[in-house]
Each structure stands twice: as structure tokens, then as C-alpha cells.
Amino acid sequence: MKRRDSLKTLLVGTVAGATLGSTIGCKTDGTTTTEATSEVAEIGLYGRTPKEIAHDKKITGQVYLNEHELTTIAVLCDIILPATADAGAATDAEVPAFIDFIVKDIPSHQLPIRGGLMWLDGEANQRFNKEFITCSNTEQIQIIEDIAYPDDDGKKPLMAPGIKFFSRMRNLTLTGYYTTRMGLDDLGYTGNYANVWDGVPAEVLKDHEVDYDPAWLAKCVDQSKRMDIAEWDDAGNLLT
Amino acid sequence: MQIKKSSTVYDAIIVGSGAGGGMATKILSEAGLKVALIEAGPFFDPKDPVTQTQMKWPWESPRRGASVTRAFGDYDMSYGDWKVDGEPYTQKGDTNFLWWRSRMLGGRTNHWGRISLRFGPTDFKHKDVDGLGDNWPISYEDVKPYYDRLDKMVGVFGSNEKRYNDPDGFFLPAPKPRLHELYYIKGAKKVGVDVIPSRLSILTKKLNNERGVCFYCSQCNRSCNAYADFSSSSVFVIPAVNGTGQVDLYVDSMVRTVTTNDEGKATGVSYINKKDRKEYQLKGKTVVLGASACSTARILLNSKSKQHPNGLGNSTDNVGRYLHDSTGAGRAYFVPALMNRKTDYNEDGVGGMHVYSPWWLDAKKDKLDFPRGYHIEVWGGMGMPSYGFGFDVSSLNKYIGGAIGGYGDKLRKDVKQFFGAVVGMAGRGESIALRDNYCEIDPDVVDQFGIPVLRFNYKWSDNERNQAKHMIDTFDEIGQAMGGIPMGERAGKDKDWGLLNPGQIIHEVGTTRMGNDPKNSVTNKYSQLHDADNVFVVDAGVFTSQADKNCTWTIMALAMRTSDYIIDQLKKQNI
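Just so you know, the protein sequences line up as chains S and V, in that order.
Converting from the first sequence to our numbering requires adding 63 to each position, the first position being numbered 1.
Converting from the second sequence to our numbering requires adding 851 to each position, the first position being numbered 1.
It is worth saying that the hints were derived from the structure and are not from the lab.
Take these hints with a grain of salt, some might be off.
[To be verified] Straight-line alpha carbon distances no greater than 20 Å define the calculated DMTMM-like cross-link-like pairs of lysine to aspartate or glutamate that follow: (1) V/Lys1193 to S/Glu115; (2) V/Lys1003 to S/Asp296; (3) V/Lys1003 to V/Asp993; (4) V/Lys1003 to S/Asp285; (5) V/Lys1037 to S/Asp285; (6) V/Lys995 to S/Asp297; (7) S/Lys282 to V/Asp999; (8) S/Lys282 to V/Asp993.
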């Protein structure tokens, strides 16, 4: 079920009772309102305590990565996740801004990222006599090919720092990307909205050669009666 | 500094607003008693949009939910975790006890797993079976009526299974298993491990007109704004404060001591108002401690007087002793058959597992090398990504002969093909309470309010280590039977078979245990101090033994029972 369909079901169905309020399951149309998001972040409405708001303000006010480093990160992010026919590139999902924030928030990232970027420029200088970002795409990929895979046999000992760095960049890029609307859509994650779970779809059960045991199902909720107030007999049998 | 005293004399002063304190607040205030409820943290209501994290998207957090300011991540609803600023605790020797404290209205119930398991008949009398530890002074039959009331009052889904030591109750219907849970059921059954619907205090069906019904966002750890899961804040305290007019709520107030008179009876409490950092006193006919097992022990040990020179309730040196937590070990499995699964449906489900395995063996009959047992919790599925998602995702290729590493389209393919293909198991078992595992007052350290802090002394024994080995052996069997490949290194003997730290399961109990003999217990069978009959404990401190269950449902059943007893005793003017 798509989010939009589900919301429709929800509104005509019984879930949208008074207690749900207006605060849940809002963003269902697949778009992000960056304006609203930044305003919400500003006043701490992702559920922050005053101390946490102060922490966020402090981190946001700091500068760690410089312009050259951020530009290089942007190039790397888009090598790691370039645009496809269906989905935007890492920079479209503002992954560099996430990395800029997270290295300040989790300082253990700082030295490996800063040092790794410098290592990359050093390697580019050695090979092509220019910094990584001014290399041609082909030249960049030549270096990336040497650091994008583990070197289990130890054939490329000089690449070891680069391999370690690229692995960290890949991790942060993936996390930064797949925690955005664009990323969730690319992944196919379809949750985080109010719905009524009524079991695995039949075609999925078939795909996986599993099925519900009727005796088990008999213990499960009949979703058509979910809004009937529960009553039991003295033996604990549900009557409603 | 002059201590500010209030002239009101409360019928009951309740310390702590979690599972036990919340229950006591509800029962006592509804009976018409004048109650003061004291909470060390701020006011919290799960439906307040300012503090709400439920239904937030990962990008609404600039760190995407990473655990920088909250140990279980940005959206976890716990103010305070293994550390509370300005309120340290210390360790004795090489002890590494982990102590989770939630400083907020409702305490840890705002984020807990909602796993709500009654203790069974054997659990109350396990010494009769294996000679270890001590029997409770009460039996399942004593508590059953309260479990029954609790099921109907708070709501718990599950199923009646006619299992002797996992008693039936009044259950709401269970949610249907998700795909990874069907794999688990298949695997477990193949190797002879029982599986039944889980038992969680989440409303899959309407319970009353005050609370909503679960809308399957799987975020109970964020506390439900529709009040469709059990949190003490939303289900007990806020309705009691608003509904009865009998409750004076003191938040941001840290109790230092229970005050006593010349006869040794409690007269009230002394507390620090965190806002103005001044000390205040309240007077009460009774004091009901529900600060959590260790915090209650701390208050009692710090309540020294001429009549109670060793601390209140501690004339026989039992306060803080017999501290025990559940055992825990876990393991994850990569299931190739779950690769490239259909993602076009929402399988968030309820918060936590839809199925679980209650303890299925018998230590004696099955000739196990450890006493007691454990239950198995299952996790997996297509969860909402947050910080950490995608980390080393391509390394899963090693299990299927694919290339590790890379970038671009290859990487996107990896992320998608492996999404939802990992299933995990966690064991939660019973340890034996030992007199030498304890918390005590550290003579050298005070917190920022000048209150002496706790120091922990705790060692696991081979009982728990062998149990952890059995857990991971069983997980590997089930994992294999469901077509899974174990991930990561299997913990060996040198790492206690993966046994987690004491305290880490957050089921710490036993510090004010109940018993008939004051020589080896702190409270009697009504959770009343042997040494001061108008002081009661309503948290897990009173547990004589932990079962292979979670403690919350029993905390609440006992808190209800003790509250009834308090009402009765006040009526009879016995206290």
C-alpha cells in the first residue's frame, strides 16, 4: 500500500479518531518542506530539551571543515552516489551539509576525515600534479578505484590510508543520503505513517514460501473490531 | 541554609513517577487520599508537540538520530541514560555496572520495550526447585488477582497459551507476525524452540475512551502521543493529577532523605528543588518509595538517624544487597532469502517484536549446566533508516560471493538488496540473587546536590556465563534453521560468551527485597519496611528474585497490591 492510499484509508477509516490529534502522519505526499523543517529545527521542535537546543546551537555555530574540504567532500559524495534515472545525487540530498554537521557533532570523525582528504590531495598531486577536485573525472576515478575496495591480500599497502578514509566517506554518505526523503524513496521505505497493520501481503508470503498458521491467526487482532472496547469473560476470552 | 517546611500533612508521599510510583499515585488518589508525588525530572506529557519525537523523520534531526545527546538516539524518550549530568555513580574494584536513569515524569516507562510478562508460579518459589536464592514470601496466587486487574486497567496484547509458568491473562489480540518473524517461527520450530505471540502493553484494540488505539508506527520507545502504549506519565500520573484533584505534583525535585521521628517512624521527606537548589520538607503519614530499585536503596541508606543509624530499613544490613539484573546476550543473522524483498508495503508494526520464545526447557530434566532460563526476543525488518544506516552494508557481500566495497550504482544496489535481510535474536534470562552483589553509599562522592552517591559491586557467576553460552548456541541453531548466516564474531569463553554487563538490560531488582524474616530481607510481603511500618517500596527493589521475564508488569501488580494494603491500613489506623 502506498502512503497516499493508506492515508485515504485512514481518513475514511476508524483510525483518525480524536486522540490521534494533528501531530502525526503529516508528511504523506512524498515531498519535503525544507522551510518548515528548518523552522522546526530552529525552535527545537524535533523534541529537544532546552539543553539539547543549546547543544545544537553551539554545534551549528562552530566551523570545522573549510571550503576546500567541503568542495572535495561534495565531489566524493557524488562519486559514491551519483544521480540515477530515478533518484538524485548525494549533493541533491544535501549530504555534504550533513557531513559538515556530523564531524562537529561526533568529533571522532574529524581527524580521519581531515587527514583522509589531505591524503587524497597528496595522492592526486603525486599522480597528476594537481589537487583532487581539479583532476578530470577519469583521473579521479583512477584513484577511487584504488581505494574503493578492501585490499585483503595486502597488494596495495600504500593505499591503506585511502581505503580506510573512503570507507568512512562511503558510510557517512550512505547514512546522510538514506535519511532524507529522497533516500527513503530510493530505498523504497514506505513506513512512518499511521496505518493498520494486517499482516504480510499474500504475494509476499508466496514469494517467501511462508504462510500464516490458522491457529496462530485466530489469536490475532480482527482489525474491523479494533475500535470496539475490549471485554472478556472470566476465563480471559475476548468477547468483543 | 534554612529548610523550608510545608504545613500540609499528606496521607502519602510518593517518590518517583515511573511504573510503581505512577500506579501508587493512581490507586491512592482515586481512593481519596491526599497525595504528594515527587519526581526528580521535569514534567512530561507524550502528547506535548514541543517534546514529541514520535513520527519525526530522520532528517528532522541534524545528526539523523545519532546517539550524541541521548544514548539510544535523538528520538528515544528518556531524559537521562547511563549518565545523568552532575549525578555520578561509582564502581568498586573491577565492577562495571551500568545504571540507566530517566529523569522525567513517567521515568523509564516512557521509552521501555512494553514487554509485559507475568511471573509464573515457579518464579515465586524457585528455591523449591533448585535450592538457589530465596523463595518470595508470596505466591503466584497472591499476585494473580492484581495481574488480572492490571491487564484490564492498562492493556496488554498476547494470547492464552496454557503454559504453566507463563500464565494466561486478559489479553488484547496480538498483531500478525511480520515477514522476518515468520522466518523466525519456522526456524525455531524446526529446532524445537517454542514461539508464541509476544505480550506487550500496547493497545491493539480500544481499551477505554481515554486512550487511543495503536496505529502501528513501531515507535513506542518515543512514547505514544495517542496514549496507545503504556507510559506511567500518560496512563497513570496525568489522569490522576487532572482527574482526582488529590495529587500535588512536585517535579524537578530530588529526594535526599526520608525523615523520621523519635519512634523511628517516617514523618515525610526532605528534597532538593533543582530549580532554586534549596532544601524543602514535606510531611506525610506514609512514605511510598518508587524511585527505582537502586535510587530507593540510596535514599534509604542516606536516611540515617539516631533510630536508624545504619540507614532507614537497614538494621540488618540488607538494603542495596541482592541486586540483580537480567542476563543478556544477542546475535544477528544475515538471511539471503530475505534479499531483494518487496518493499512496497508498510511493515513498521508495533514497537518491538510481534512474536517471542518464552523459556521452553527445564534445567533439571534437560540437564543444563546453569539454573533458571531465559526468553528470546526477535528483531529485524525494514525499519526506518537513521544514523548508522548503510554503514559497511557492502560487506554483506562476503556471504554471497559478491564484491565488497565500491561506489555508484553497485553501491545503491547493495543498499537495496540487503534492506531488511538481517534478523537478530536477544536472550534475556534470570540470574541468581547474591548477597555480595550490591550497591552502597560511596563515602567519598556526592552529587551536585550534595547527596552521597551509589557505588556498585557486582560480579557475574558461572551460572550466568553458562546461560549466555546456551543462548548463543540456541541462536546459532535457530539462525541456521531459518537459513541465516551468523554475522560478526561469536563471543568465546574469554568474553563470557557475549554476556552483557550487569545493569545493561535495565532490569535491576532486589535491593530492598521482601521476605518473612527481617534478618535477611528489608520489606515484608506487603512491601512494607520491617523497620518502619509507614514506609513502603513500590519499585523492583522488593523482588526476591527476578524471573526470566521483564520486571515491569510485576512492579505494577505489586504496587497495586501494596497501595490497596496502604488504604486498608490507614482506614484501620494501623499506621
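Verification of the supplied hints:
no.: 1; hint: V/Lys1193 to S/Glu115; result: 38 Å, violated
no.: 2; hint: V/Lys1003 to S/Asp296; result: 12 Å, holds
no.: 3; hint: V/Lys1003 to V/Asp993; result: 18 Å, holds
no.: 4; hint: V/Lys1003 to S/Asp285; result: 19 Å, holds
no.: 5; hint: V/Lys1037 to S/Asp285; result: 24 Å, violated
no.: 6; hint: V/Lys995 to S/Asp297; result: 13 Å, holds
no.: 7; hint: S/Lys282 to V/Asp999; result: 19 Å, holds
no.: 8; hint: S/Lys282 to V/Asp993; result: 28 Å, violated
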